[in-house]
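Enquirer: Input sequences plus hints: build the corresponding full structure.
Chain residues, written in single-letter form:
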Amino acid sequence: MAFFDHVPDWRRDGRGLSGSLAWTGTHFGIRGLEERGLEAVADAVCAEDRESFLRIFVPTEEASRAGEFRLGLADGRVVFLYCDASIEMAADGRPARIFGTLHDVTDRRRFEAQLSDILREREMLLAVIDACPISITVADAQQPDTPLIYANRTFETLTGYTRDEVLGSNCRFLQGPDSDPAALRVLHDAVVTGSQAEVRLTNRRKDGTPFLNRLVLAPIRNDRGHVTAFIGLQSDVTDEARREEADKQRQRIEALGRMMGGIAHEINNLLQPITLMTEELIARHTDDAERPYLDAVLDCALNARRIIGDLLAFSRPSGRKAEVMDAATLLHDALVLIRKAVGPGIVMDLDVHSGDDRIAVRADKTAFTQVLLNLAGNAAAAMGGTGAIRIALTPGRMVAAGSTGRCARIDVTDSGCGMDRATLERAFEPFFTTKPIGQGTGLGLSVAFGLVKDMGGEITLDSAPGRGTTATVLLPEVIGDWYHGHHTRH
Amino acid sequence: MATILVIEDIPSVMLSLRVVLEGGGHTVLCAGNGDDGLALLRRGGIDLVITDIWMPGKLGSAVIAEGRGLAPDARFLAITGGAPNGSITPDHLVGAGADFGADGVLFKPFQRTELIAAVTELIPAVALQP
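Chains as they are written, first to last, in the numbering used here: chain A, 1 to 490; chain B, 1 to 130.
In short, the hints are calculated from the structure, not lab data. Predicted model, so just to flag it, every value in this text is computed and none were measured. Cβ coordinates follow ideal geometry from the N, Cα and C atoms, glycine included. Treat the hints with care, since some could be wrong.
Claimed, not checked - Here are the simulated distance ranges between beta carbons:
#1 GLY25(B) with ASP247(A): 51 to 61 Å
#2 GLU114(B) with ALA255(A): 49 to 59 Å
#3 ASP35(B) with LYS435(A): 48 to 58 Å
#4 ASP299(A) with GLY25(B): 26 to 36 Å
#5 LEU350(A) with ALA117(B): 34 to 44 Å
#6 ARG291(A) with GLY25(B): 18 to 28 Å
#7 ASP35(B) with GLU254(A): 32 to 42 Å
Stated by the list, open to error - Here are some of the chain A residues that sit facing chain B, going by a computed Cβ distance under 10 Å:
#8 ALA264
#9 ALA283
#10 ALA301
Expert: Here you go:
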């Protein structure tokens, strides 16, 4: 600290720096203070702070002034000085005497700068965690029932709960009747033993909708190794799980298809001589009393051929004559045949999205009709032969090679008995059937699967017991100006 | 009637083809694989070649391709029951030509009338004169 008393000589210097300076205390490293007085101080002040330094001496009405400025010293050090000055005014309105104290506030300023850095960093980290696209929660392990003490914004969007609603509660409010007990046990064990765990479990949002939650639970330990809190990372993997399931099913069906193709080749070669030689014998024994025996053999061979043919439709690219046509036309043409086939108790409601927005698809008419016939047949059977089948055509989206991403989506919906999960998983498998023995080969959906795949499309089922079933066929849109030419020819 | 070469690796299939074709009055030559069949074709005098596609050794599509060079006047009928390991792919079919390069294709198991119709259609009218 220093005390100064300065009497400016205004005749010599308009800034008021010249004059007589009395200085007591530390010089703060300022050189030439004895010889040059306040001029030496002014020279040491950092260029950026010169104005705030000079303002202290400027003629104004105020009797006391305070200000802060930095000194840039010859040895490179920077010193923060705080000046508290009192002023005696002369009759001409200019300061006749300026006296006061100077304090070194360098340490204080340094500390404040550091503190604001720390605060800024902390704020930044909090903002990062809050904006993290993964849901993050923290639960306090030192309070009874491990309540949540933190939840970020993604947690709110994921679950539909606000922070205010959940902080202070144990996060079991996310559980629902469909939460897997095994997963819950794993979580419970992790909390008890203070270990890390990762589970997938079905949770419920605030509005009751379920989602598959991939939850990672990680303990936080203090210096002594005691678990003080648990971090929870939640992500919605509902879509991911559905895709995985669909992939798995497709792979299983494709493997089955390859197997069927191999079996078909063997059986076809066995059926060939049975068929030909039986027919040859029939031709040679037209009037023979034992001819019916031969007819029975031939009948069996032809039935076997039909079954193998269905199997091949499931497994073998057919090289059918696919043509590019409007999806609505394709559907209309197919329905003409299907209405006749489903029986009198079944009403077919057709809802064709029409207008300018036509969707061109590449399909074989016969194969497409077969697909729809199989789906409608199943729908009719699921409703016990009475009820309404709704067939809807809408634009959809699918990922397919060389496609626009747009597709024709055909939904065949019934209000029948529906299928449970286990049935749904196996529905496309050849020979899998829920119909009584003798009332179906179990090939209908397999054949539909193979035919749709052949057209570059996809077929999926959505069903639950008692809720009915929707079979969805997606056929990729074909790009090009085919339609215009095709259309004008008619 | 015509002289028909049948190339087929499965003896029972071969037998059934021979029974029907000989019953129709044709002369039937038999080969159990592609190379034997091509050797017979090289000798000449064959109106129609009926060949299996998936055989050990030379595939039927290759037999047809080579056979056309050896006997430009002969016609070719492919018979197939699908690939032995079910591995037939659209690329396969496109690569081989969807008809395997043949003048006609029958998928096993075909019926007697289908075989007779295909043969009648393919063999030259002159060969049909008794």
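Enquirer: All hints, please: hold or fail.
Expert: Now for the hints, and whether the structure bears them out:
1. Separation of GLY25(B) from ASP247(A) is about 57 Å and conforms to the stated range, judged on CB atoms against 51 to 61 Å.
2. Evaluation of the 49 to 59 Å hint for GLU114(B) and ALA255(A) yields a failure: the beta carbon distance comes to about 32 Å.
3. At roughly 50 Å, the beta-carbon separation of ASP35(B) and LYS435(A) lies within the given 48 to 58 Å, and the hint holds.
4. Remark: the range hint 26 to 36 Å for ASP299(A) to GLY25(B) is upheld by a beta-carbon distance near 28 Å.
5. Restraint check, LEU350(A) to ALA117(B): a C-beta distance of roughly 40 Å satisfies the suggested window 34 to 44 Å.
6. Here the CB-CB span from ARG291(A) to GLY25(B) is close to 23 Å, well matched to the stated 18 to 28 Å.
7. Taking 32 to 42 Å as the suggested C-beta distance range, the pair ASP35(B) and GLU254(A) conforms, at roughly 35 Å.
8. With 10 Å as the threshold, the beta carbon of ALA264(A) comes within range of chain B, its nearest partner Cβ sitting at about 5 Å, so the hint holds.
9. Proximity of ALA283(A) to chain B holds as hinted, the smallest CB-CB distance being about 7 Å (cut-off 10 Å).
10. With 10 Å as the threshold, the beta carbon of ALA301(A) comes within range of chain B, its nearest partner Cβ sitting at about 7 Å, so the hint holds.
Of the hints listed earlier, the one the structure fails to meet is number 2.
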